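Taken in sequence, the protein lines are chains A and B. Numbering follows this note's numbering, in which position 29 of the first sequence is assigned residue number 225; successive positions increment by one, without gaps. Numbering follows this note's numbering, in which position 1 of the second sequence is assigned residue number 2; successive positions increment by one, without gaps.
Honestly, the hints are just simulated from the structure, not real lab data. Keep in mind it's a predicted model, so treat the numbers as computed, not measured. For every residue, glycine included, the Cβ atom is placed at its ideal position computed from N, Cα and C. It is possible that some hints are incorrect.
Chain B stretches covered by chain A per the calculated footprint, using a threshold of three residues with CB under 8 Å from any CB of chain A [as the list claims (entries may be wrong)]:
1. 12-19
2. 55-62
Each computed EDC-like pair below joins lysine to aspartate or glutamate, with the alpha-carbon atoms no more than 20 Å apart [what the hints assert, rightly or not]:
3. B/K11 / A/D213
4. B/K11 / A/D463
5. B/K66 / A/D463
6. B/K66 / A/D435
7. B/K11 / A/D260
8. B/K66 / A/D260
9. A/K256 / A/D463
10. A/K256 / B/E60
11. A/K256 / B/D73
Derived DEER-like restraints, expressed as beta-carbon distance ranges [unchecked claim]:
12. B/K11 / A/E207: 20 to 26 Å
13. B/E26 / A/P465: 37 to 43 Å
14. A/M428 / B/V34: 45 to 51 Å
15. B/I90 / A/T548: 38 to 44 Å
16. A/G305 / B/I31: 44 to 50 Å
17. A/S520 / B/M2: 53 to 59 Å
18. B/K66 / A/S520: 53 to 59 Å
19. B/L32 / A/H210: 19 to 25 Å
20. A/G614 / B/E26: 49 to 55 Å
21. A/E303 / B/G10: 40 to 46 Å
22. B/I31 / A/H210: 50 to 56 Å
23. A/D233 / B/I90: 46 to 52 Å
24. B/T37 / A/E493: 55 to 61 Å
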Amino acid sequence: MIDLNTADILETIHMIDEEHLDIRTITMGISLLDCADSDIDRACERIYEKIVRKAEHLVKTGEDIEREYGIPIINKRISVTPIAMLLAASGGDPVKYAKALERAAKEVGANYLGGYSALVQKGFAAGDEALIRSIPEALTVTDHVCSSVNIGSTKAGINMDAVALMGQIIRECAEKTADRECVAASKLVVFCNAVEDNPFMAGAFHGAGEADCVINVGVSGPGVVRTALAKMPDANITDIAKAVKRTAFKITRVGQLVATEASRRLDVPFGIVDLSLAPTPAVGDSVAHVLEEMGLEQCGAAGTTACLALLNDAVKKGGVMASSHVGGLSGAFIPVSEDAGMIDAAKSGCLTIEKLEAMTAVCSVGLDMIAVPGDTPADVLSGIIADEAAIGMVNSKTTAVRIIPAIGKQPGEELEYGGLFGSAPIMPVNTASPAKFIARGGRIPAPLQSLKN
Amino acid sequence: MRAVITVVGKDTVGIFAKVSTFCAERNVNILGVSQTILEDMFCMMMQVSMDDCDIPFGEFADAIKSYGLENDLVIHAMHEDIFNSMHRI
Numbered sequence: 197m198i199d200l201n202t203a204d205i206l207e208t209i210h211m212i213d214e215e216h217l218d219i220r221t222i223t224m225g226i227s228l229l230d231c232a233d234s235d236i237d238r239a240c241e242r243i244y245e246k247i248v249r250k251a252e253h254l255v256k257t258g259e260d261i262e263r264e265y266g267i268p269i270i271n272k273r274i275s276v277t278p279i280a281m282l283l284a285a286s287g288g289d290p291v292k293y294a295k296a297l298e299r300a301a302k303e304v305g306a307n308y309l310g311g312y313s314a315l316v317q318k319g320f321a322a323g324d325e326a327l328i329r330s331i332p333e334a335l336t337v338t339d340h341v342c343s344s345v346n347i348g349s350t351k352a353g354i355n356m357d358a359v360a361l362m363g364q365i366i367r368e369c370a371e372k373t374a375d376r377e378c379v380a381a382s383k384l385v386v387f388c389n390a391v392e393d394n395p396f397m398a399g400a401f402h403g404a405g406e407a408d409c410v411i412n413v414g415v416s417g418p419g420v421v422r423t424a425l426a427k428m429p430d431a432n433i434t435d436i437a438k439a440v441k442r443t444a445f446k447i448t449r450v451g452q453l454v455a456t457e458a459s460r461r462l463d464v465p466f467g468i469v470d471l472s473l474a475p476t477p478a479v480g481d482s483v484a485h486v487l488e489e490m491g492l493e494q495c496g497a498a499g500t501t502a503c504l505a506l507l508n509d510a511v512k513k514g515g516v517m518a519s520s521h522v523g524g525l526s527g528a529f530i531p532v533s534e535d536a537g538m539i540d541a542a543k544s545g546c547l548t549i550e551k552l553e554a555m556t557a558v559c560s561v562g563l564d565m566i567a568v569p570g571d572t573p574a575d576v577l578s579g580i581i582a583d584e585a586a587i588g589m590v591n592s593k594t595t596a597v598r599i600i601p602a603i604g605k606q607p608g609e610e611l612e613y614g615g616l617f618g619s620a621p622i623m624p625v626n627t628a629s630p631a632k633f634i635a636r637g638g639r640i641p642a643p644l645q646s647l648k649n
Numbered sequence: 002m003r004a005v006i007t008v009v010g011k012d013t014v015g016i017f018a019k020v021s022t023f024c025a026e027r028n029v030n031i032l033g034v035s036q037t038i039l040e041d042m043f044c045m046m047m048q049v050s051m052d053d054c055d056i057p058f059g060e061f062a063d064a065i066k067s068y069g070l071e072n073d074l075v076i077h078a079m080h081e082d083i084f085n086s087m088h089r090i
């Protein structure tokens, strides 16, 4: 060959063909601030028109890049300005916005559209509470729209009124779609320290500090990391960390290439690459299996948090040099229903919600795609949200809760989504009541950022 | 633009001829070739120029892949940049 190494070429092809290396998403972030109007119908029309205009070629461009570079690009998505900001100007029925977003997503062929969101970490502004209360209806009447609510941050503390409300909203989402595997709850994320440039669903939105339109890319590749580790069964942990870094670098370079190319072809600025190990339910594409490859009998065993901390840190160290702009959530994801190894571990009882909570202290992002018994009370859901937000707030990191009360189901059963969402075994929950704590309302003050012990 | 074509399959007479003819018929210029036999498996990498190709690269990649399947070969045609970016700093 003239200037390429045969082994390198075969390695790349093997990663794609055998180890599930893919670009998880190209997400176009679109600001809708210039669509705000005091008339909600006019605002909806403007939103539709702008999204369709900006994202007209998004799907086609993604498909072209996929064919030419030979790398699968699984999703083409859109994130928009939190809709609560537009609702503040227009008032009216927020679900009209959800329908306009759905129409636009369908028109351009996007897989998901995120941004039916409100940021209420310090309190509710005009539009925020109305939007939050409309989430169950909005996610029931749409298929592509995703919603998120930021209820806390390291700088603002935790809005406990919002925490209490979100427990109820999650239950309502599940109840309204009980005949469809409670799917509405799977499209809703509750955040602490939400990021403004996240390309991943369901938590993507286009922050107010972002440019008018940007391209963000999220990569994947747990299968590639696992294969790299499988080749070194007797290596010590220093070498394991090195191997993860080296692999993450290669994965991220592909993300950077696709992001740059999509940005050039669409004539939209490149935003960030999200350095993520995002699993899929396919065998061989599991973060849990990476942890098990490090030497755990099963994910959830003692040592799991330490293995995940190593993995998460090494992914960032390897990835950060491979991209000119890193952002989003960046880290290993542990969505239970979307990860074959996590599903097995949850079914066997080795992986519990409490262990997952500990794991979220060291990884991106939080309690993700977890199904709990259908009779779990709203205040217990709020308690789980508060715990998870506290971990994020104190550790200055993003944490999130995407939890699904499986209406009418108990541990031992499961929710079956198919596709990327996989299947969620119902996990038992500690139902001792936090009702009084949740009902108090108010705010948890922002934590001290010194005296760190 | 440059692309890399990889061909893997059981070694038989004429694989190189078939693939290079396929390229020539579409005006794809071969710049470099590396080929080896690994345990009865024919394994070839070609670096090609797509500048004068008669059809868009995406179409060419799909066509050569199908051509490979018809001939019991696994053929990939991919933009060279994916290898450059993954393995070069």
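Violations among the numbered hints: Failing hints, ascending: 1, 4, 5, 6, 7, 11, 14, 16, 17, 18, 20, 22, 24.
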